[in-house]
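Take these sequences, add in the hints, and give me the full structure.
The listed protein sequences derive, respectively, from chains B and F. The letter at position 223 of the first sequence is residue 223 when you use UniProt numbering, and the numbering goes up by one with no holes. The letter at position 226 of the second sequence is residue 226 when you use UniProt numbering, and the numbering goes up by one with no holes.
Derived by calculation from the structure, the hints in this document are not laboratory data. Please read these numbers as outputs of a predicted model, since none were measured by experiment. Check before you lean on any hint, since a few could be wrong.
If chains are identical, the list can't say which one is meant, so a pair holds when it fits in one copy or spans any two.
Dumping the calculated SDA-like pairs for lysine to any residue here, alpha-carbon to alpha-carbon at most 20 Å [as the list claims (entries may be wrong)]:
id : residue 1 : residue 2
1  : K385      : D199
2  : K388      : R134
3  : K388      : P138
4  : K388      : E136
5  : K385      : E99
6  : K74       : R115
7  : K385      : P159
8  : K192      : T224
9  : K388      : D135
10 : K192      : D439
11 : K385      : P138
12 : K388      : A202
13 : K388      : F100
14 : K74       : S8
15 : K59       : S267
Protein chains: 2
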Amino acid sequence: MSKISPLSGFPELLPAQRAVEREVIASLSRTFELHGFANIETRVVEPIDRLAKGGEVDKEIYVLQRIAAAPDAKAELGLHFDLTVPFARYVLEHAGHLEFPFRRFQVQPAWRGERPQEGRYRQFTQADVDIVGRDELPFHHDVEVMSVMVDALRRLPIPRLSFQFNNRKLIQGFYRGLGIDDVTDAIRVIDKLDKLPADEVATMLVERVGTTPEQAQRCLDLATIRVGDSSFVERVRALGVTDELLDEGLEELAAVIEGCRAVAGDSVDVEANLRIARGLDYYTGTVVEIFMAGYERLKSVGGGGRYDALASDGRTTYPGVGVSFGVSRTLIPLIADGVLSGSRPVPSVVLVALNTEDDRDASAAVATALRAREIACETAPAPAKFGKQIRFAERRGIPYVWFVQADASTNEIRHQVKDIRTGTQVDADPSTWAPPEHDLRPTIVSTVSTSPHDQEENQ
Amino acid sequence: MSKISPLSGFPELLPAQRAVEREVIASLSRTFELHGFANIETRVVEPIDRLAKGGEVDKEIYVLQRIAAAPDAKAELGLHFDLTVPFARYVLEHAGHLEFPFRRFQVQPAWRGERPQEGRYRQFTQADVDIVGRDELPFHHDVEVMSVMVDALRRLPIPRLSFQFNNRKLIQGFYRGLGIDDVTDAIRVIDKLDKLPADEVATMLVERVGTTPEQAQRCLDLATIRVGDSSFVERVRALGVTDELLDEGLEELAAVIEGCRAVAGDSVDVEANLRIARGLDYYTGTVVEIFMAGYERLKSVGGGGRYDALASDGRTTYPGVGVSFGVSRTLIPLIADGVLSGSRPVPSVVLVALNTEDDRDASAAVATALRAREIACETAPAPAKFGKQIRFAERRGIPYVWFVQADASTNEIRHQVKDIRTGTQVDADPSTWAPPEHDLRPTIVSTVSTSPHDQEENQ
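Given below as structure tokens:
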């Protein structure tokens with residue numbers, strides 16, 4: 001077959017890069033589990049009508065058809081484009097077998113046929129964490145699920161993240177208190193502050209939404225509030241709007257900010273940013289977007305919020321709150337930029353050298369003894385000169401080479417292990433020798449200075 | 001939305017069942033890594049012409065199309081139906097960045113649009129382990145990769161597995177030595193011994209392949225040899241056929257059998273079964289099929305072998321040897337039959353009870369202290385009566401409930417932890433208390449008596 005070129009939008013990782021992704025996923029999963037979240041996986045396909053978002057089927061869905069299907073057969077299945085739609089369906093389908101509130105995390109790929117660009121891929125992995133209730137879901141779960149994601153992401157050796165929170169009740173209450181009728185439309189216009197200057201947005205509020213210039217100004221005043229603590233409450237109050245829903249939103253947002261600040265430590269920013277709306281999605285309370293310092297061009301690397309109706313079967317409604325982290329969106333640019341790399345492309349800590357092909361069993365016995373104590377290793381593929389076997393280990397990043405030699409004078413077997421980075425070679429016993437903890441597994445090498453906790457794990 | 005019915009052929013696991021699958025995948029991955037195999041993941045799509053097998057595109061491939069594509073647009077991508085085709089493409093595409101021999105394992109879903117039945121799904125997860133060389137790959141890697149899979153599978157608490165090996169050189173050499181011209185066609189006929197009685201197969205050999213009745217009889221004699229050690233060598237020799245390729249095949253098969261027996265211990269059968277051919281695939285040496293006791297109806301639960309040309313770009317050829325284990329094909333029937341189950345559907349070991357909503361911070365502080373020592377836990381969702389909170393834990397299989405109470409007389413905080421299975425309640429310190437090791441994570445509960453090693457892990 002001919003030379004193969006990559007498929008645009010379907011990035012693939014080399015083994016050392018994949019080691020980075022696996023360590024990140026393992027770290028996130030460990031944190032989610034410590035907080036009592038169970039892992040699930042959903043099938044990758046959903047009926048196409050279920051993939052409809054707000055009644056409209058996303059133009060970028062990939063549909064599936066058996067190659068042997070009749071040419072005019074109607075496609076019925078599509079690949080999921082996020083993990084929320086399949087999770088909502090899973091909850092409805094399996095509700096009778098789940099305990100509520102149901103806490104789950106899910107790390108899987110999703111697919112969108114969009115134009116590939118940095119941070120936007122046709123196949124990409126996400127890590128989602130959600131809590132879903134039956135009929136009701138107390139607000140404290142908003143604080144919980146958001147702090148769990150803060151706790152998970154603060155452990156990663158990546159550039160500084162900023163969790164920017166808002167609350168749909170706060171926005172809606174404020175607009176309602178101001179006397180604006182079409183709250184949804186106003187939110188949609190305010191969402192354009194990312195792309196348009198403030199005065200143009202104000203003009204649109206007046207012309208499209210029908211606000212007075214004074215109302216428009218106060219909407220802008222609200223949208224520009226961005227602080228790292230709960231002082232936003234006073235600043236909103238100072239705008240002189242009163243409304244019950246606004247009060248509720250202020251209280252909820254303050255609780256989320258304080259709860260997340262308590263776990264964020266020094267490595268993650270937590271802010272109230274009253275411009276965040278997550279425009280067209282069906283959030284009903286807490287909303288969040290996550291940004292990464294120096295990578296603002298990726299837009300958000302994660303986001304989520306509260307849905308009062310994550311799923312419903314007509315009789316029962318399942319409210320949910322959750323947040324999603326873009327694993328591919330974050331890691332692939334960081335790996336491409338050399339910010340993250342894997343310490344080696346193989347799990348092996350030790351290459352057991354081979355004297356002659358006839359000695360393969362002796363070398364394999366050493367490998368078996370090391371593996372019995374959870375030390376990953378491999379036997380050299382061929383009895384080449386030792387210099388060549390050492391270079392073989394070097395090219396793979398394997399830090400130690402083990403030699404098994406019969407002493408010429410005594411004819412006793414002598415075991416030695418060489419740290420090929422330093423050249424130090426010492427006598428060793430295969431049933432007791434162990435490498436230092438940090439050599440045991442491939443680790444993430446990061447150019448980002450991380451918290452002491454992470455440095456410990458990755459040095 | 002209306003009631004949801006499952007999608008035939010796309011099985012999904014409940015959380016406790018998924019815990020079984022995760023533990024199995026973690027156990028397999030751990031063993032593969034101990035043997036120096038690196039994990040990779042490939043994108044799920046391949047160009048349709050690359051999914052062609054022996055020049056013919058599998059009728060059961062799912063093709064992919066953007067929903068917005070023109071109605072007459074030609075589909076170019078399909079979902080992979082195994083992990084070998086994408087691995088071969090990955091090797092060709094990334095060869096410049098890989099070190100050979102390249103040892104990898106891969107655990108991912110694959111898709112086939114076949115008629116769903118027990119053990120046959122439209123989406124199913126496989127675990128593959130392969131070694132691939134550039135230009136050449138010494139035979140000892142056949143022994144290595146097969147013993148690695150034996151070592152990985154013998155650790156699973158599943159019904160007894162049987163690895164049944166053969167060698168294509170042995171078959172081809174034998175047939176050639178017998179004077180049969182069309183070896184491939186003869187193999188294809190012998191492969192029907194599964195379904196047809198021996199005399200019918202003999203007749204087909206005479207009529208279709210053009211053998212003499214005596215040649216046909218010796219083909220059948222070969223195909224009925226099945227032994228658990230290398231005594232097959234003598235039995236083949238006794239059939240009186242001589243051929244160089246036959247000698248090579250006998251030697252290789254004996255080495256594979258002895259190598260795998262050395263790691264199989266008491267929990268896996270290793271046999272030479274000279275009827276195994278893996279008919280239509282392009283194997284050139286070692287072949288293997290794996291069967292599970294009591295589940296013969298699933299046919300093989302895994303298989304693989306040696307390809308002298310796993311991949312080729314015209315200039316360079318990449319020989320490979322590997323074996324695949326059907327994770328879904330094995331686990332889903334075992335879970336459905338109650339042979340395997342998860343010890344609980346949540347990772348939490350401890351539910352921290354809640355006195356009043358105002359005490360949520362105190363309970364959360366206990367949870368944080370436990371998590372700091374890797375003990376998974378969750379705080380009760382509501383300050384219900386303790387009996388109700390204990391039942392909440394019970395329904396989730398959480399073994400411990402933690403109580404934080406102010407002593408009425410001294411006003412001091414008193415911590416207690418209750419094992420709700422035994423009712424034993426003791427004073428405990430959140431900064432030092434730990435559950436017994438076997439309670440720490442959800443484990444696999446198996447009705448199969450397993451090796452002492454597994455019992456330790458799963459009791």
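Query raised in the report: Any hints this thing doesn't respect? Which numbers, in order?
Result: Violated hints: 1, 7, 10, 12, 15; rest satisfied.
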